[in-house]
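Chains as they are written, first to last, in my numbering: chain D, 4 to 99; chain C, 4 to 99; chain G, 4 to 99; chain X, 4 to 99; chain Y, 4 to 99; chain L, 4 to 99; chain B, 4 to 99; chain E, 4 to 99; chain Z, 4 to 99; chain V, 4 to 99.
A couple of the hints might just be wrong.
What the hints assert, rightly or not - No farther apart than 16 Å at their CA atoms in a straight line, the calculated lysine to aspartate or glutamate pairs in the EDC-like style are these: (1) B:7 with Z:9; (2) V:11 with Z:81; (3) D:7 with D:81; (4) L:7 with Y:62.
Stated by the list, open to error - From the structure, some residues in chain D lie toward chain V, with a derived Cβ separation under 10 Å: (5) 14; (6) 49; (7) 52.
What the hints contain is simulated information worked out from the structure, not anything from laboratory work. Note that the Cβ used here is the ideal one computed from N, Cα and C, for glycine as well.
There are 10 protein chains.
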Amino acid sequence: MLFKVEMKVNIPHDMPADVVADIKAREKAYAQDLQEKGKWRHLWRVAGSYANVSIFDVEDNAELQDLVGNLPLFPYMDITVAPLCRHPSSIHEDDR
Amino acid sequence: MLFKVEMKVNIPHDMPADVVADIKAREKAYAQDLQEKGKWRHLWRVAGSYANVSIFDVEDNAELQDLVGNLPLFPYMDITVAPLCRHPSSIHEDDR
Amino acid sequence: MLFKVEMKVNIPHDMPADVVADIKAREKAYAQDLQEKGKWRHLWRVAGSYANVSIFDVEDNAELQDLVGNLPLFPYMDITVAPLCRHPSSIHEDDR
Amino acid sequence: MLFKVEMKVNIPHDMPADVVADIKAREKAYAQDLQEKGKWRHLWRVAGSYANVSIFDVEDNAELQDLVGNLPLFPYMDITVAPLCRHPSSIHEDDR
Amino acid sequence: MLFKVEMKVNIPHDMPADVVADIKAREKAYAQDLQEKGKWRHLWRVAGSYANVSIFDVEDNAELQDLVGNLPLFPYMDITVAPLCRHPSSIHEDDR
Amino acid sequence: MLFKVEMKVNIPHDMPADVVADIKAREKAYAQDLQEKGKWRHLWRVAGSYANVSIFDVEDNAELQDLVGNLPLFPYMDITVAPLCRHPSSIHEDDR
Amino acid sequence: MLFKVEMKVNIPHDMPADVVADIKAREKAYAQDLQEKGKWRHLWRVAGSYANVSIFDVEDNAELQDLVGNLPLFPYMDITVAPLCRHPSSIHEDDR
Amino acid sequence: MLFKVEMKVNIPHDMPADVVADIKAREKAYAQDLQEKGKWRHLWRVAGSYANVSIFDVEDNAELQDLVGNLPLFPYMDITVAPLCRHPSSIHEDDR
Amino acid sequence: MLFKVEMKVNIPHDMPADVVADIKAREKAYAQDLQEKGKWRHLWRVAGSYANVSIFDVEDNAELQDLVGNLPLFPYMDITVAPLCRHPSSIHEDDR
Amino acid sequence: MLFKVEMKVNIPHDMPADVVADIKAREKAYAQDLQEKGKWRHLWRVAGSYANVSIFDVEDNAELQDLVGNLPLFPYMDITVAPLCRHPSSIHEDDR
Chain D
4 MLFKVEMKVN IPHDMPADVV ADIKAREKAY AQDLQEKGKW RHLWRVAGSY
54 ANVSIFDVED NAELQDLVGN LPLFPYMDIT VAPLCRHPSS IHEDDR
Chain C
4 MLFKVEMKVN IPHDMPADVV ADIKAREKAY AQDLQEKGKW RHLWRVAGSY
54 ANVSIFDVED NAELQDLVGN LPLFPYMDIT VAPLCRHPSS IHEDDR
Chain G
4 MLFKVEMKVN IPHDMPADVV ADIKAREKAY AQDLQEKGKW RHLWRVAGSY
54 ANVSIFDVED NAELQDLVGN LPLFPYMDIT VAPLCRHPSS IHEDDR
Chain X
4 MLFKVEMKVN IPHDMPADVV ADIKAREKAY AQDLQEKGKW RHLWRVAGSY
54 ANVSIFDVED NAELQDLVGN LPLFPYMDIT VAPLCRHPSS IHEDDR
Chain Y
4 MLFKVEMKVN IPHDMPADVV ADIKAREKAY AQDLQEKGKW RHLWRVAGSY
54 ANVSIFDVED NAELQDLVGN LPLFPYMDIT VAPLCRHPSS IHEDDR
Chain L
4 MLFKVEMKVN IPHDMPADVV ADIKAREKAY AQDLQEKGKW RHLWRVAGSY
54 ANVSIFDVED NAELQDLVGN LPLFPYMDIT VAPLCRHPSS IHEDDR
Chain B
4 MLFKVEMKVN IPHDMPADVV ADIKAREKAY AQDLQEKGKW RHLWRVAGSY
54 ANVSIFDVED NAELQDLVGN LPLFPYMDIT VAPLCRHPSS IHEDDR
Chain E
4 MLFKVEMKVN IPHDMPADVV ADIKAREKAY AQDLQEKGKW RHLWRVAGSY
54 ANVSIFDVED NAELQDLVGN LPLFPYMDIT VAPLCRHPSS IHEDDR
Chain Z
4 MLFKVEMKVN IPHDMPADVV ADIKAREKAY AQDLQEKGKW RHLWRVAGSY
54 ANVSIFDVED NAELQDLVGN LPLFPYMDIT VAPLCRHPSS IHEDDR
Chain V
4 MLFKVEMKVN IPHDMPADVV ADIKAREKAY AQDLQEKGKW RHLWRVAGSY
54 ANVSIFDVED NAELQDLVGN LPLFPYMDIT VAPLCRHPSS IHEDDR
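Kindly produce the complete structure, drawing on both the sequences and the hints.
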């Protein structure tokens, strides 16, 4: 089951550089692990901003909350979620 | 080159049913043709709304304008566009 | 799987009264059928407005789209959707 | 008498961890006490966000203010309130 | 129990003048009846607009919905509602 | 001459508790003094929020500015103002 | 007593040309009469839009409502009002 | 003197096709005439929308109003205007 | 050439009192100097807020930027600008 | 390929003056270098604000992200991006 997740990062300007670097490193490792597991199917940078557009593929709403809520950058992001499903004009049975 | 395109359909309530049916049929054929050509890479319904989230794969901004501006439903949709590119945490060289 | 669905009704003022009455009657029957089936678990009027707050209980996003998209009033409503899941402070294992 | 209450938590990033932990523990105990008393009838997490959708069941507006205003997280939340009542299409006499 | 109710009137420009006049006459009679009954405690025009600020005094949310939903101008107004209660700095036990 | 004034309080979370307590005490004394003088005719809490709805009765715009601008909490509030006057459907010659 | 009044004109596109011309002629005569009486002290076009910024000089809120509510274009305008008073840095005792 | 002007076109869906065609033809001729005169220095389509971003080069605000207000599509566009001037980091003395 | 300039002041609550006092004193002197020179033609307080409505009279956009950008409070204000010109219904050739 | 990029600068008020000066100096050098390379084709100040309107000329979305994301002021700016292309009414084959 797919969800579009958009994340806009707002790191406080007075956070120490090493703390920021640590969070970002953990975020990257976490994101790559979820991609390899097929849970985070697409991850694109929005050009010109510190933001991304993502497609998550989860069992249910609870798993979405679990995966998104554990993002190391979660406390520093504005996040919007939209549930997706098959479009009647799609040529794919299972567009993921 | 990828763009996220979100379309929200607002068909005027007093448009004759046969006109609506014709526009929708042409929209579907147009959308399926672009998907088969690889230009319209993803097309998802947003659950609970008359809207979609799409990923277009075009040569440049001019082609995006050409493809979107010729949608049969174009005059009846609110459309937002975001340019996408590779995210530094993506595990894919070319996530399309 | 639960979703909060909020619906705000905007019936065009020039729609003939009998057409409005027919749509409303079908909407009511449809809503009561889904409630009896357990799909539409809660349905409340927002006091002072032509709007409701609803809780849907569905298998997945596709079923949500199917149920909401077939509402007779669907073309005349502004609808917002939020995916819900268990809150860690809830005293219920399965709050529905 | 029911109210929908939506709460979005915004804890300041520079609040000491032990202060945060204390507030959250008191919030959880407070929430569970109100649920057991039947005042806080539903409490759901909005998937993908640090937010909840709640249904309160109170005597009047004054009790709503008393219960919500004493939430330990109250100073750190954006809260919206909507008064609810029976929907004419509801199959329940008393949907709580 | 008090509610602030704000109403902004948007009468369609192509509604026949006699229909408008009839609705307005019924609205005025209805408003004056509720004021005399003590249900509509205050009614002020917002200077420079076709809008009002009102204070309703009702038994519960259901009565608010009943009174507001039966306004003859109800289908042609944007309405916002806020539940009110005693302010701790008020010098009145029962400010109505 | 009446004005609706809505105030939403946003006290900075890092303001020392004794400073906050002092400002609130002065705010309360100031509010009660203006109520006793008949300048601050109504003061209601908006249930579920740190906000109020007030009705001021002043000589002119300058007095409104003088009274509101001297609120001890003035620097920490979002304030909106609407000029009010007699509504043609009011049953009161002088609804205050 | 001064008020800033901003008016944005939205004439329905299907209003007959002679009706529009008549309303505009009456609006112009009305506006010029109020200017000559000193009630409408300033009237500027916002460059690039069908909108104006105006300064009204009235006895009280009721007169503002009377003057603005009788504008021939009143039903076709979005209007916002702000009460003005002397600024402490103004070099004029009575800046009108 | 430069202004950024953004125009979003909203042609009513029930306007006869020949009327639309005539307005568009006059708009195009008007736009090209102003470009040739150097008044309309840049004109770009926003990809994926019926909108443009333009740079006007005028003597003063009055000329801007004159040029924009006479656009054949003026009654059917949402227009926003921003005054521009030399940026201190520009390498051009006169960037037009 | 006239511009409406609206300024809303947001002084950070943790700025030392003497720094605030110094900035305000310089702002006042600067504002009065520009008024005496005829550049800042009108300056009104918006009643009930820490905001003003101003009319600037400048040679061109560059001078507007120069005058506004050098306001001592400039870094602490939300500022909106609208270019003004003669209104066709104005009775003044040069309403300043 | 052109993009309109709008940047609004929000430097934290408690950033040390020398840090601010350093960032601004690097921003200016960076902006001038990109202008000389033809990548940053236009750069205008929005009169009355700490903001600019820019036109970037890039190979693709990835280059836009690279150029904008490396702006020294990037973490302190609100940035909006719009993809541009040739307008059918433009008299220029290649309006840059």
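So, going through the hints one by one against the coordinates:
1. B:7 with Z:9: It holds: about 11 Å lies between the C-alpha atoms, which stays within 16 Å.
2. V:11 with Z:81: holds (12 Å)
3. D:7 with D:81: holds (14 Å)
4. L:7 with Y:62: Violated, because 24 Å separates the two Cα atoms, which is more than 16 Å.
5. 14: Because about 8 Å separates residue 14 (chain D) from the closest Cβ in chain V, which is inside the 10 Å limit, the hint holds.
6. 49: holds (8 Å)
7. 52: holds (6 Å)
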